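Protein chains in written order, with this note's numbering: chain U, 858 to 1131; chain G, 858 to 1131; chain Y, 858 to 1131; chain D, 858 to 1131.
Hints are supplied without guarantee of correctness; some may be wrong.
Copies of the same chain look alike in the list, so a pair counts if it works inside one copy or between any two.
Unchecked claim - Dumping the calculated EDC-like pairs for lysine to aspartate or glutamate here, alpha-carbon to alpha-carbon at most 20 Å:
1. K908 - D1000
2. K908 - E1078
3. K908 - D1023
4. K908 - D866
5. K908 - E1100
6. K908 - D1031
7. K908 - E1030
8. K908 - D860
9. K908 - D992
10. K908 - D1127
11. K908 - E1123
These aren't lab readings, by the way, just hints derived from the structure by calculation. Keep in mind the model is a prediction, meaning the values are calculated, not measured.
Number of protein chains: 4
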Amino acid sequence: MTDVPTVADATAWWSTAITRIEPGVIELRGYPIEQLIGRLDFVSIVWLLTKGELPTDTESRLLQAALVASVDHGPQAPSIASARMAATCGVGINSAMANGINVLGDTHGGAGQQCVALLNRIVATVAEQGGRVDDVAAQVVADYRARSAFVPGFGHRFHPRDPRRDVLLRLVEDAVAAGTVPGDYLRAGVAVERALANGTRKPPMNIDGVTAIVYAELGVEPELARGFFVLARSVGILAHAWEETSGGRRVKGPLPPPLLADYTGEATRDYAKP
Amino acid sequence: MTDVPTVADATAWWSTAITRIEPGVIELRGYPIEQLIGRLDFVSIVWLLTKGELPTDTESRLLQAALVASVDHGPQAPSIASARMAATCGVGINSAMANGINVLGDTHGGAGQQCVALLNRIVATVAEQGGRVDDVAAQVVADYRARSAFVPGFGHRFHPRDPRRDVLLRLVEDAVAAGTVPGDYLRAGVAVERALANGTRKPPMNIDGVTAIVYAELGVEPELARGFFVLARSVGILAHAWEETSGGRRVKGPLPPPLLADYTGEATRDYAKP
Amino acid sequence: MTDVPTVADATAWWSTAITRIEPGVIELRGYPIEQLIGRLDFVSIVWLLTKGELPTDTESRLLQAALVASVDHGPQAPSIASARMAATCGVGINSAMANGINVLGDTHGGAGQQCVALLNRIVATVAEQGGRVDDVAAQVVADYRARSAFVPGFGHRFHPRDPRRDVLLRLVEDAVAAGTVPGDYLRAGVAVERALANGTRKPPMNIDGVTAIVYAELGVEPELARGFFVLARSVGILAHAWEETSGGRRVKGPLPPPLLADYTGEATRDYAKP
Amino acid sequence: MTDVPTVADATAWWSTAITRIEPGVIELRGYPIEQLIGRLDFVSIVWLLTKGELPTDTESRLLQAALVASVDHGPQAPSIASARMAATCGVGINSAMANGINVLGDTHGGAGQQCVALLNRIVATVAEQGGRVDDVAAQVVADYRARSAFVPGFGHRFHPRDPRRDVLLRLVEDAVAAGTVPGDYLRAGVAVERALANGTRKPPMNIDGVTAIVYAELGVEPELARGFFVLARSVGILAHAWEETSGGRRVKGPLPPPLLADYTGEATRDYAKP
């Protein structure tokens, strides 16, 4: 930025390394888009746009699997319920989807991101201080317990055993065996699970934990990992918004009429203007 | 709904045919999710969740291509700019994505949906009333011109020729030749383009028009077609939000400081309390 | 815009007549903000910013009343439920409010806007074609009935008689009597209500209808009228989001656990990879 | 929640103490709404709904002033720019407003909330540990400086002196003199300002700081204080969205065409399918 701003400052303010747009030209990370359409699958483009290069076979396979595993968990989730309600209120399907996505916040959609950060921290600690990963994981678990905090990515409010865990872990194990991912984050995640299982109940790894292992093994940054989860869950959000739209209901609230929310406040009182 | 509502009315209010959730069980359209992870690609699941069945090869190939073609068009678009600005304001990447998606409204993201509806109407008119598709298309174009309205899916504010048009059309033509899609919607779209080209300037089919042909050939409903566009553009929105997050800028407005918006309103005046 | 854009084109692109911002200066429609703080009430500033001038006493009184009447209608409404659910998902109160506001769409929040447009049309028709307002209103009602459409602003899914109707109408009648509003829109609204009451059930004017009369009498454009409704309902949205935040619940869905949405889709089936 | 959920569990799940809704009945915190319309101003209802009781004169006066002070800061702000862009994209004014509000996150709209928390902490520290408020404030400032962090509510990227500061502080001083607010939070805020001014440049209190003093003196919780800011800024967001709508521009991006964002990424490269 020069002292007296120029129009070049304005175009530089919006600069990007993702997509080159000129009349007649669209390039994604340097590749002319007409060379990609029909030849590359959608998930390769997800990786290309966010990470800058086309994925390897391993990156593609693991990203596909993590995305597939995360698409939906039904209308009990506020993200899905929000999108379905919005779809009945006279907004476009884009706005219904936006409402579903917007609530994938730190508590509802952030455990995967937090778990990637946790795995990164464990692996970094082992690398810097030496020691066994099991000991570092046990210390981490102890720290969380001392704060009465959830360990992100572990424990499930609902499933006694998450059906997505084993199949995803096996894909990571295969990649470790093939030498195409390092394996440190898998070991860290399993060590945390083991440390938690020493406690009073068996807290299995949940979908956030197992996809966090995938993303950490692929070198995906924590916040981008949440972005991938949002992208995956957008599919469920779209499907549910569309199902609700197709049903034709108008202004759908959380309870079927004539059910009313309980009122627990002040009894009726008169307003006497002073 | 019975006269006196029961708890079954409340669970029925939220019923869905998409995903079955029970303790230890997640089924997508009836398929146990652990059978799909690692074996099916993400786009097959997009089709499964929204349309109810796994895609044929043709459905999968064309949907992949349409999604890839729609991922991004750079920071000039308000959807991308909105997401980038949001990413600097101290909200999660989910909220940055929601803001980008939310503006894919009737004007910014709805042309594809409108074009699917238009193609459906032309094909239905030909089927009901007979006549040549070129004549019906010419009539439709004349109607739009009489109202000084844009024909959705045609004309481009920017590209003299959209680089995505030919490669996508060729994929549809291949499918028509193979007998795996009907071809009526392709013919209708090309007829509209031809009718428009008879006018004063050459209005090539744009990305909304060519993806509308894909979606119409696949039997995708107009509003769901917009949903697919939103899903595709979410990838660009994510990539741009993430690029902005990585840059670390705080509270990014549309103009680089110290540039200020022009003020064109009332001159300074004093408020005299009556 | 010149042929070669300049930085002045960029600042002009964002020009506004609302607020002048310079170092040390903030003026609202020309008034230095330090002259307004502590001397003018909030609703006067709402009018000043949106309409450009400070309100008259009548404008202030009627806008206050319409805003007060619209603040809340409880958690049955999807706007309120959306905000409450969002507040439990780990997003800021701004995002919880955004989700509530976003669903005040054509069906859930647009009836007032549509009713202002309807009243404007009736008054314009009477002005242009002459005739009695009752006859014009009866014709309008007949048109809606022929299309099996709701007349916006009339009928209520819930209240046999809306408690807000009479008190708001009386304020408008007082202003008509004082000669500070024209009264044409009040007469049009009452005529519509009368025409509807000739039908099979008594459809009282609802909150959207009565506030539409207020806004139409004040010369508020239809879409801005929706904006005022959104602003008013934002208060209820804020109060409910804050109540939910204070309660401390996490990831609140529409049904209390362990209640699950009914599943009505495909029975379990195996995926056999082709 | 009983072991076998009942319909009463579902209505209790949505219980509220804010508004009682029954057929023909709307009560806000116990007051029948028809007693409030036309007799109470909008800001009194803001306080009633969020805090549970009608405001005292002091509460009403200070809340009005804080809201008026926060309504707008022009299109340079991403919240305003987001709403204006959205208004050109074919979504309702509700969705344009939602996009503006959604970005009032921790960085763009959270400084006031953070400053209320800071003032609460200083006052609590003085109460618990004794000592002079100036010493506690100096220690707090030293802590922020050691972390190279901004002190929320102080310093301004733009105004050398915020024109809203003095007039708002004077209103608080008057209330302290009248004995209607405690004054501890005012003293804490001024002490922080003094401590910062001992440094290398003079960092005046900004709008977030001075409204934080107002809210803290009124006993408003930090997150609710952000809610009040969001409500106030919604007025500017509405006015700007409406101005943009009235202008009729379609699909407005951040730069005026034909200006394009700079591209800084990979040079053109060919995709060779493996």
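To see whether the hints hold, each was checked on the structure:
1. K908 - D1000: neither (33 Å within a copy, 37 Å between copies)
2. K908 - E1078: within (10 Å within a copy, 33 Å between copies)
3. K908 - D1023: Neither. Shortest intra-copy (27 Å) and inter-copy (28 Å) distances fail the 20 Å Cα cut-off.
4. K908 - D866: neither (26 Å within a copy, 35 Å between copies)
5. K908 - E1100: Answer is between; shortest inter-copy Cα gap is 10 Å, intra-copy 33 Å.
6. K908 - D1031: neither (23 Å within a copy, 32 Å between copies)
7. K908 - E1030: Neither, since 23 Å and 33 Å both go past 20 Å.
8. K908 - D860: Neither way: K908 and D860 sit 34 Å apart in one copy and 37 Å across, limit 20 Å.
9. K908 - D992: neither (33 Å within a copy, 48 Å between copies)
10. K908 - D1127: between (63 Å within a copy, 18 Å between copies)
11. K908 - E1123: between (55 Å within a copy, 12 Å between copies)
Of the hints listed earlier, those the structure fails to meet are numbers 1, 3, 4, 6, 7, 8, 9, in rising order.
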